[in-house]
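Residue numbers (the numbering used here), protein chains in the order written: chain A, 12 to 312; chain B, 105 to 369; chain C, 62 to 398.
Keep in mind that the hints were calculated from the coordinates and are not lab data. Nothing here was measured: the structure is a model prediction, and the numbers come from that model. Where a beta carbon is used, it is the ideal one built from N, C-alpha and C, also for glycine. Incorrect hints may have been included.
One-sided excerpt, in silico: chain C residues whose CB lies under 8 Å from chain B [to be verified]:
| hint | residue |
| --- | --- |
| 1 | 195 |
| 2 | 223 |
| 3 | 281 |
| 4 | 353 |
Taking CB as the label site, the calculated pair distances span [claimed, not checked]:
| hint | chain 1 | residue 1 | chain 2 | residue 2 | range |
| --- | --- | --- | --- | --- | --- |
| 5 | A | 153 | B | 125 | 39 to 47 Å |
| 6 | A | 299 | C | 221 | 24 to 32 Å |
| 7 | C | 200 | B | 290 | 27 to 35 Å |
| 8 | B | 252 | C | 355 | 48 to 56 Å |
Read off the chains here:
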Amino acid sequence: MEQFVQQLINGLSLGTIYALIALGYTMVYGILRLINFAHGDVYMVGAFFGYYVARFISTQLGYVPSMLNFFLVLAASMAGCAILGFVIERGAYRPLRRAPRLNALITAIGISLLLENLGQLVFGADPKDFPNLIPRTTLSIGVLTVSNIQLIVVATAIVLTLGLEFIVHRTKMGTAMRAVSFSGDAAGLMGININRVISFTFVLGSALAAAAGILVGLYNPKIDPLMGIMPGLKAFVAAVLGGIGNIPGAILGGLIMGTAETFTVGYLSSTYRDAITFVILVAVLLFRPTGLLGTPARSKF
Amino acid sequence: MTTPPEIVLELTDICLSFGGLKAIKNVSLTVGKRELVGLIGPNGAGKTTLFNMTTGVYCPDQGTIALSGQTISGLPPHEINRRGIARTFQNIRLWGNMTVLDNVRAALHKTARAGLWQIIAASHHHARDEDRLREYAREQLAYFDLIRFENDLAKNLPYGEQRRLEIARALATNPTVLMLDEPVAGMNTGEKVHLMELIKRLQADRRLSILLIEHDMKVVMGICERVAVLDYGEKIAEGPPEAIQKDPRVIEAYLGAPQTTAATN
Amino acid sequence: MPNRLTVSASSTQRTFTWYALYALVIMLLSRTVVGWVGAYYEQILIFIGINITLAVSLNLVLGFAGQFSIGHAGFMALGGYSSAALSYFVLNPALMSLPLDGMLHAVLENVALAIVLFAGGIAAAIAGLLVGIPTLRLRGDYLAIATLGMGEIIRVVILNTNFVGGARGFTDIPRWTGFTWVYLIAGACVLVVRNLIASTSGRALTALREDEDAAAAMGINTTRHKVMAFVLGAFFAGMAGGLLAHYMQYLHTNSFTFLRSIEIVVFVVLGGGGSITGSIIAAAVLTVLPEALRVAQSWRMVSYSLLLVIMMLTRPQGLMGGREFHWSWILPRRKQA
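Kindly produce the complete structure, drawing on both the sequences and the hints.
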């Protein structure tokens with residue numbers, strides 16, 4: 012029983028990271044109907060931005076209190092990836108907006124490969140140790156242990172999600188985003204600047220992916236240029252599981268994926284760590300393709 | 105009045121809702137053998153939805169659809185086509201990157217006799233079958249005055265020719281009932297007259313029953329033998345064109361809608 | 062009036078004549094050029110042949126039928142492992158136990174290879190059927206992601222199957238194949254796909270790529286046609302896996318990740334979906350290119366992925382854009398009298 016609860020805690024904190032990445036997938040899909048395959052790699056770049064910013068801070072600025080250090084790294088990396096997301100959309104996806112979706116999907120795959128390979132070239136292919144931004148301490152509650160890192164990961168994710176919720180539901184840009192995701196053409200006719208909305212969506216999604224990259228650096232301090240592939244796929248599955256295009260669904264899906272993974276590793280075998288993702292994916296697609304929280308849509312002529 | 109013709113297509117008490125919206129409410133409709141029936145109604149009245157249900161895109165929530173006495177509601181679209189219903193689409197849906205000839209030949213595929221192994225080995229039997237299909241398809245194109253375009257891509261055809269090709273493609277599946285969804289939409293007067301003649305000629309030459317959705321009242325009044333009117337998913341009137349034109353409920357349904365002028369022409 | 066029937070008589074004969082000629086040329090090449098260029102270039106030529114088989118078979122699914130499958134490596138893995146298991150555990154021990162002289166041994170070895178390749182193809186085809194029936198109901202991106210998932214599941218299952226080596230890899234597979242067999246299979250694949258797409262079934266496939274709903278409304282059983290294309294594609298991918306196994310003598314699941322599937326997709330897309338010629342050229346060029354770029358090792362994959370993006374932005378229809386090679390390109394057209 013203790014083991015079960017412990018696994019659940021670990022799973023949920025891993026799940027919040029997947030949830031943050033899944034948010035980017037789901038927002039972009041909701042607006043462009045595009046699986047942004049490069050999103051997992053933006054998360055990887057986010058982790059590396061964090062790595063370099065942290066190194067810069069420790070060499071140039073000397074000692075900075077750990078929480079402040081963490082926030083600086085987080086903010087810098089989110090800003091960097093926001094720019095990266097903007098550039099990717101502008102350079103690669105916008106010219107293909109009216110092209111067949113197959114072409115856009117292949118371009119996304121191409122961008123993903125490009126980031127991975129450029130990453131290997133620029134950052135080096137060997138794994139790097141993410142700097143220890145916050146000294147790790149563990150809290151014991153009875154037989155259960157929770158690390159301060161886990162608490163920070165979950166807290167940061169909750170704050171960012173609330174922020175996103177605020178933007179989507181309480182600001183003018185958020186309203187425009189929802190309008191475009193409902194019907195891009197109609198929103199355009201109503202005077203919404205669709206290009207700006209799409210750019211903004213990429214900026215937002217990429218910033219969240221960067222945050223996930225920093226959090227994973229705290230949690231599991233080995234980063235490498237291919238680290239985005241699997242979490243990217245898992246987060247995508249999380250988005251599908253929750254109902255693609257649906258923001259609460261992405262969070263729910265992320266949490267489920269994280270827990271499913273830790274339980275598989277804990278109770279079955281670590282070799283099935285990644286397979287469980289695809290089993291869930293195939294099961295969802297076959298039995299409930301609209302996802303847990305998605306609304307069924309009838310095919311239209 | 106002559107005796108009503110033998111019923112070919114029969115919709116009985118059909119209902120369909122999308123979520124909370126009742127798109128079709130208890131509609132019954134029949135099409136007789138070699139009869140040309142028009143289906144009219146304001147935009148959003150449910151005409152195309154009724155077409156989609158009849159051709160298997162949607163399954164009615166309630167009621168049955170029968171073709172020559174056999175229930176077809178619930179069957180998949182390709183099966184319904186095989187039973188004898190073919191259609192065109194409101195927004196033309198040709199196979200754009202295939203040639204005009206191939207559009208017709210692909211629709212003929214169910215009459216092909218060669219099996220997969222014969223195809224792969226390019227057997228003699230298969231080659232002859234191909235020749236037969238090509239000749240048949242070319243005859244069809246000639247009938248529709250499209251033969252000079254046979255090697256052009258369908259997407260490059262002029263608009264009116266695309267509409268005709270869509271009808272030719274539907275007919276290649278050898279239907280007993282042909283359903284045309286706004287066949288003259290976007291055409292000029294000359295093209296419209298031409299297409300009306302073509303539809304009449306088809307009805308006679310091919311022994312077809314035709315159900316046609318149309319906004320253009322000249323066309324409806326000109327060629328339909330019977331007209332049914334849908335409004336808000338309900339059938340509000342049915343009868344010979346002249347009677348429909350004078351029906352107060354029909355006039356009311358159209359009043360204020362942009363079609364008013366057309367309806368009173 | 063209908064024209065006189067132009068009966069293209071005995072096209073079976075013609076097909077087989079062409080294939081026999083092709084086989085002859087391949088065998089001649091294998092005796093001369095291939096022996097002469099050395100092992101390194103022979104290996105590149107063999108990889109080209111295997112990639113042609115993979116690209117053309119995927120083109121049937123992706124380019125002609127328009128079904129976005131990114132699980133081709135999974136079928137390749139399944140075919141490779143099943144054929145290798147059959148030869149390693151059954152046929153090779155049997156062959157070794159027979160007291161045979163060189164000639165007869167060589168003949169039987171080729172027979173055994175044909176059997177295991179076919180078995181690998183069938184294993185992959187069965188998997189294609191089992192995977193295809195449920196997933197091909199999905200469209201577009203969803204199908205892509207489902208096939209990706211299926212491919213990865215196949216890979217992980219093999220990874221956890223110990224009798225074929227599991228995480229250590231499958232070693233000591235007999236080396237039964239080489240240039241000749243690889244190109245015989247590639248030629249057969251091209252021939253089958255070509256004949257299929259020129260037929261009424263091929264037109265039905267293309268129709269369903271162009272507009273699936275309209276295809277269904279015209280009586281085309283869309284599911285059946287998709288599954289047929291998928292199964293045939295999987296069959297040839299399985300054969301390609303078998304060829305790889307019996308050439309490299311070693312298999313590891315790391316060679317069959319979804320990146321491998323994507324690589325095959327890239328062959329098809331860059332060559333031009335719906336063009337067999339394009340697939341062949343792209344498979345050949347993109348197999349040679351990384352080798353040629355070996356000097357610039359680190360930039361190799363970067364330029365490869367950059368090429369993909371630039372191609373999509375500037376020439377999305379691919380190299381050939383659906384057109385095929387025709388003899389009239391190189392031979393002067395006969396003058397009309």
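Structure-based check of all given hints:
1. 195: It is violated, given that the least Cβ distance between residue 195/C and chain B is near 16 Å, above 8 Å.
2. 223: violated (38 Å)
3. 281: holds (6 Å)
4. 353: It is violated, given that the least Cβ distance between residue 353/C and chain B is near 34 Å, above 8 Å.
5. 153/A - 125/B: 39 to 47 Å: violated (54 Å)
6. 299/A - 221/C: 24 to 32 Å: With Cβ atoms ~27 Å apart, the hint holds.
7. 200/C - 290/B: 27 to 35 Å: holds (28 Å)
8. 252/B - 355/C: 48 to 56 Å: holds (55 Å)
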